[in-house]
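Residue strings, one per chain:
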Amino acid sequence: MGLSIHTWGGRGHQSENRTTIYPDGSVSCELGSQDLGTGTRTVIAIVAAETLGLPVEGITVKIGDSKYPKSGGSGGSTTVGGVSASTRRASVDALSLLFQKVAPALGADPANLEAVGGRIQVKGDPGKSLTWKQACAKLGVTPVVATGKCIGGRDELTNQGVGGVQMAEVTVDVETGVVKVDKIVAVQDMGLVIDMTTAESQITGAITMGISYALFELKIMDEHLGRMMNPNMEFYKLAGIGDIPPIDVYIVTGSKQDDRGVIGLGEPPVISPGAAIANAVTNAIGVRVPSLPLTPDRILAALEKKGGLS
Amino acid sequence: MRAFEYASPTTKEQAAALLGDKWDDIGILAGGTDLLSLMKDDISKPRRLVDIKGIKEMQGIRHAPATGLRIGALVTLQELLEHAAVKKEYPALAQAATGVASMQLRNAGTVGGDLCQRPRCWYFRNGNGLLAQDSSGKSLVVDGENKYHAILGNSGPAYFVNPSSLAPALIALGARIKVYGPKGSREVALEQFFTTPQKDGEREYLLKPNEIITEITVPAASGVRSATYAVHEREALDWPLAAASVALKMSGTKITSARVVLGQVAPIPWAAAEADKLLAGKVVSEQVAKDAGAAAVTGARALSQNAYKIQLAKVAVKRAILQASEGRA
Chain H
376 MGLSIHTWGG
386 RGHQSENRTT
396 IYPDGSVSCE
406 LGSQDLGTGT
416 RTVIAIVAAE
426 TLGLPVEGIT
436 VKIGDSKYPK
446 SGGSGGSTTV
456 GGVSASTRRA
466 SVDALSLLFQ
476 KVAPALGADP
486 ANLEAVGGRI
496 QVKGDPGKSL
506 TWKQACAKLG
516 VTPVVATGKC
526 IGGRDELTNQ
536 GVGGVQMAEV
546 TVDVETGVVK
556 VDKIVAVQDM
566 GLVIDMTTAE
576 SQITGAITMG
586 ISYALFELKI
596 MDEHLGRMMN
606 PNMEFYKLAG
616 IGDIPPIDVY
626 IVTGSKQDDR
636 GVIGLGEPPV
646 ISPGAAIANA
656 VTNAIGVRVP
666 SLPLTPDRIL
676 AALEKKGGLS
Chain R
643 MRAFEYASPT
653 TKEQAAALLG
663 DKWDDIGILA
673 GGTDLLSLMK
683 DDISKPRRLV
693 DIKGIKEMQG
703 IRHAPATGLR
713 IGALVTLQEL
723 LEHAAVKKEY
733 PALAQAATGV
743 ASMQLRNAGT
753 VGGDLCQRPR
763 CWYFRNGNGL
773 LAQDSSGKSL
783 VVDGENKYHA
793 ILGNSGPAYF
803 VNPSSLAPAL
813 IALGARIKVY
823 GPKGSREVAL
833 EQFFTTPQKD
843 GEREYLLKPN
853 EIITEITVPA
863 ASGVRSATYA
873 VHEREALDWP
883 LAAASVALKM
893 SGTKITSARV
903 VLGQVAPIPW
913 AAAEADKLLA
923 GKVVSEQVAK
933 DAGAAAVTGA
943 RALSQNAYKI
953 QLAKVAVKRA
963 ILQASEGRA
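Keeping their order, the protein sequence lines are chains H and R. Using our numbering, read the first sequence as starting at 376 and increasing by one per residue. Using our numbering, read the second sequence as starting at 643 and increasing by one per residue.
What the hints contain is simulated information worked out from the structure, not anything from laboratory work.
Some but not every residue of chain R turned toward chain H, in silico, with C-beta under 7 Å: (1) W764; (2) G786; (3) E875; (4) R876; (5) E877; (6) Q953; (7) V957.
Calculated cross-link-like contacts (lysine-lysine; reagent style DSS-like; alpha-carbon spacing at most 27 Å): (8) H:K555 / R:K789; (9) H:K594 / R:K682; (10) R:K654 / R:K664; (11) H:K681 / R:K932; (12) H:K594 / R:K789; (13) H:K680 / R:K789; (14) R:K820 / R:K695; (15) R:K850 / R:K698; (16) H:K594 / R:K780; (17) R:K687 / R:K654; (18) R:K789 / H:K681; (19) H:K680 / H:K555.
Ranges between beta-carbon positions, derived for each pair: (20) R:T653 / H:T572: 56 to 66 Å; (21) H:D557 / R:D842: 44 to 54 Å; (22) R:G662 / H:K555: 40 to 50 Å; (23) R:K919 / H:K555: 34 to 44 Å.
Glycine included, each C-beta is placed from N, C-alpha and C at the ideal position.
Chain H on its own, in the form it takes in the complex (with noise of 0.2 Å):
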């Protein structure tokens, strides 16, 4: 067993969405930003629908063009925060020029009206409602637009500063010096969760691709040639999915954590299952394999170095 513990920042990047509520009632929000995998456009589209009481899949999101308003680059585990916060105030806007549009036709204050579960409606009376399309139609030929920033360093909607441990089991063969990891437990902050699966499955793919840099990956130069020797999936080796252990993932919930607002979860647990792993070999084996990758050949130097085993 092994275990180790990381930190990291996190806080939001500058971004700015715009979002576009049509006649037709479809809307888009428009960034300069982009989706590595890690589901930039989930959780934009989530934040989205969530403000504007619609279904996910009521919005169009539209990254990955430099059209679009500026949103910072994907590093430092710095995108959910920074487009979370821009989606959220644009949408909030938004919604607020529609109410606008719309407060007339429910004869009320547009200051008094919600949107929930696809209806605009008088706050405390769904009895006086439009759904989300007649809402929407009555913008006539013209969307409405608002823009939402968020400003990176002060912002509050999104923060810094998240946690976690993770737990390593292995069993090593002490004869060949192969590793093999029987299980990954993992336990992790991030501020407010905008969506559960995706939290976890990020930190799953963390974890998956640690296992890969714990045992597997090493870049191979010849220094004769200056060439690299193994510029291919043969010889850089990753993990497959025989070599994935079951992942347990416990996240940290509560209004403690939602109130600290959102927080990147990009690259804080890919920090510790290599040390974690590397801890578990040490405890099973009684000696220090002091670098990754912990192939076999370094595994069995080790005990070598250390006698032997007990």
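Following the hints, put chain R in place on chain H, whose structure we already have.
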């Protein structure tokens, strides 16, 4: 990949007539799992490919308890490991085929192709030649990156390891190989088929450029217990770091004769005669298996980064012997 002609003969006679007398001028395509990657890497630049998959007489497995096994060169690794008689009578062979990690490779790759695939040496695959020498003829391997290179038969100039998954098992089981060329068919013991090239341009087997493997025969295996053990550092698609196949002729618990052959440790599948000698007449035990492992690496010499492979080879032999004696699948 460069452009090439494509021919698909349906008889071995047609195939041989389409081949030439220069290596790499004409390529033989079966499963293509190695050839196509060599062509994509521009290591092999054939002007013509002869696709032999349509040759019916080179397909299929036949088994008779008295005479043994006949494996067509075009049999896939998956067909081989699923064959009932192979699983029952020749576990070393079934286990060796199972060890080829990836359903795709097992479904496409053929037995003949497994025996003829080129070494995985990264100097060779990076275009530095099979013997991996610099312009002055000095080995790039010896002072270079050699963690996966040879520990036996490595006095030079070849330092690569033979990559065949099946050859150690087939040799341990006494297989013979039949090849067809312009002069007709000839047959050799598989052990004699593999050679260590001494100069650039030589191949690692006795096949001539205009010959094809047509079939492999394995003697009857009644009274023989066999097993293959390969050390893999990961479950995902990977080459073994070391492997061993053993075939033990048993009389009760006593070994009357043994064949131990190592894979992934030398430029040829390495027949470990010292281990065979040690095992003859012994009752299998953990200690005997361990001693045979040590005997199997007699003469091993580590390069700068691969001393660990000597240990892995010993362990592979030990575990293969124990596995064979217990009859574990």
